[in-house]
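A.B. asks: Given next are the chains, with one letter for each unit.
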Amino acid sequence: MIVERSHAPLPATPLVELRAVSRRFVKRAERHRSFQDLFIRLLRRRKPPQDLFWPLRNVSLAVHPGDSIGVIGPNGSGKSTLLKLITGILEPTGGELYVHGRISSLLELGAGFQPDLTGRENIYLNGSIYGLTRAEIDARLDDIIAYAELGDFIDTPVKHYSSGMHVRLGFAVAIYTEPDLLLVDEVLAVGDAAFQRKCLHSIQQYRDRGGTLFLVSHDLDAVQSICQRVIWLEDGEVQADGAPTDVVMAYLNHVAQTEQEKARRAGIPSSAEIENRRWGTGKVRITAVELLDTDGQPSKVFYSGAPLSVRLRYEAAETVANPVFGLAIHHDNGAHIAGPNTRFGGLEIPRLEPVGSLTYTIPALPLLEGQYVISVAAVDSVDSETYDYHDRRYPFQVFPGQANERYGLISLGGEWRLDPASEPSQADPALEARRPEAVTQTRS
Amino acid sequence: MAHRLAELFRYRDLVRNLVVSELKARYKNSVLGFVWSLLNPLGMMVVFTLVFGVLWPNNQIEKYPLFLLCGLLPWNYFSASVVSSMNSIVGNGSLIKKVYFPREVLPIATVLAQLANFLLAFIVLFAVLLIFRSNLSPWLWLLPVIILIQTAFALGIALILSTLNVFYRDTAIVMEVLMLAWFFLTPIFYSIKQLPTHYAFLGMNLDVHRIAYIVNPMASFVNMYRDMLYYGYRTDPDFFFRTAATAVVILAFGYWFFIRYSSRFGEEV
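So the sequence lines, in the order shown, correspond to chains A and B. Under the numbering used here, think of the first position of the first sequence as 4, with each following residue one higher. Under the numbering used here, think of the first position of the second sequence as 1221, with each following residue one higher.
Extracted from the complex, chain A is given alone in its bound form (with noise of 0.2 angstroms):
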């Protein structure tokens, strides 16, 4: 095991370096030991079995100044652990590692706050805690306070503090300290989202100046955006490292067929509970249904914007004339969004055999991110008689792909076109009087 740390960045060589690092704990039944069982073990004379886990193992990367990298991984990825291990608060068991620069960590904001001091006496001590002079400290003094927009509170002990407050002080104070590398955990689920979108405006800004940030979060959205590198972790491992569509996508598929796993091993609900949401005559039977993906494997996990079939099998007793098979799709939240059946799709079916099956393909699913359900169901020509009728009863998944869009249920396709005017813009008037300016205008 080789450990280096500097407080300064070495020209021409990596902020961060890790080479095959690995990290392993030991899992104890009990977590604080006393003299009074380091004494009864030492009569028992008997080694207790040493459970041990490696949250990371055999990681390697290296951190340049100027990358912002993002880490991706479900949780007890060891995600948290390579934090740790980079700004020295956890040593390595096994490899190299190599830190040479000052670290800001947003692992948790206020951290170190004294409650019996005001809130400007808690800057120059969670200051210093970072590692700053008072010199240092002195000099971002007012733009912290005018950041954490305290106003008078700055001077009143930080217990009386709500919790908006402390943490708009403690990201204050780890922002203006301008780390060589800013460590970033989950920190944008706190606050209110006014304050969020202040915080990762302040990140990117330190992103755009040059600043080097690691980002561990589960919102891959923003990882996406503010990120160039992703790396996604699992098992302690690295799985991928590369540009973050790339690796968002692989861990998302990843992510889809362990779902499916659990899924298929959940097995399907109760008969009881399925037959009460089954009813018909039984003249046509729809006796499996199949949602398939762009490779025709059946799935429960798609994209926005990629193909999507639901193949129905049925079986008929007799040859029945002119039926009418159809599919309902609701969002999870119980909204009826489309029902496709073949009369409105064109699909005539005078006589039908016995024995067979109908697909119905979706080219580019327009629906966005959510849990979906299906229903299917065979009818008579005039919708008198109900054969068969599967009342949600196949859910699915949509995940985001590679699609930008995120509101709503669905994607509309539209297209945006913007008209430089050619001649001036006819205002409404009436808009015009509401704007802030008339108002103050009027009012003075």
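Everything labelled a hint here was simulated from the structure, so no lab data went into it. Warning: the hint list may mix true and false statements.
In the PhoX-like style, the derived pairs of lysine-lysine whose C-alpha atoms are separated by at most 20 angstroms in a straight line are [stated by the list, open to error]: (1) Lys1248(B) x Lys162(A); (2) Lys1244(B) x Lys1413(B); (3) Lys1283(B) x Lys162(A); (4) Lys1317(B) x Lys30(A); (5) Lys303(A) x Lys265(A).
Model the placement of chain B on the given structure of chain A, informed by the hints.
C.D. replies: For chain B alone, kept in the frame of chain A given last:
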């Protein structure tokens, strides 16, 4: 170890801020905070004088309150440093798990805050000195050096115990008993001169007086303070250097011990 010391120097402002915030927090909470810290040794002085002057007057020490204070104040400084720094790592566990900084700043800041308290308590001591018109030593300029050596000793012990407490949480309980024993074994309310020079134990002839002196650095410290402030003596160079050497060794060992195990604090606290 050299780069750890350099790092510690880089974080000197953190040490100062921690000391200041600890003192501010202590004295801000009660208006009487500062006065209390002076009343405490005075109260102890009254109690001990009452016990050994009136209730159980077998004590032939003159100017007893001054004599007592010369031992009690250094002891209080030592004992408060050890007890409060022992918890300095475990008590700041949440911070240690979140942010990296050289962990030794915590026990160092705790001991230095106690030092500030000790220096304030000298106000009481000098007031009592004036009342009893003790003859001050011409070597009084050595007093800051003695305080420095004692601080080094206390810091060494603090580094060892704060580390032990991370791994063995009953350190505090064990130390509670040990500190009480240490208090009684140190000539604070009695004089080391009262200890027997001959004591037969298992057929051996023990010089208790000398053993107490050599084995217990705190006995030497208390005696040095008394030489300076009570007897007006120049203090024994032999014991002075011996104690200084002990303090340096303890500090060096404590620092090495702390550094060796501090990388595991992040997972153990």
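A.B. asks: It remains to establish, for every hint, whether it holds in the given structure.
C.D. replies: So, going through the hints one by one against the coordinates:
no. : hint                    : verdict
1   : Lys1248(B) x Lys162(A)  : 13 angstroms, holds
2   : Lys1244(B) x Lys1413(B) : 41 angstroms, violated
3   : Lys1283(B) x Lys162(A)  : 47 angstroms, violated
4   : Lys1317(B) x Lys30(A)   : 18 angstroms, holds
5   : Lys303(A) x Lys265(A)   : 11 angstroms, holds
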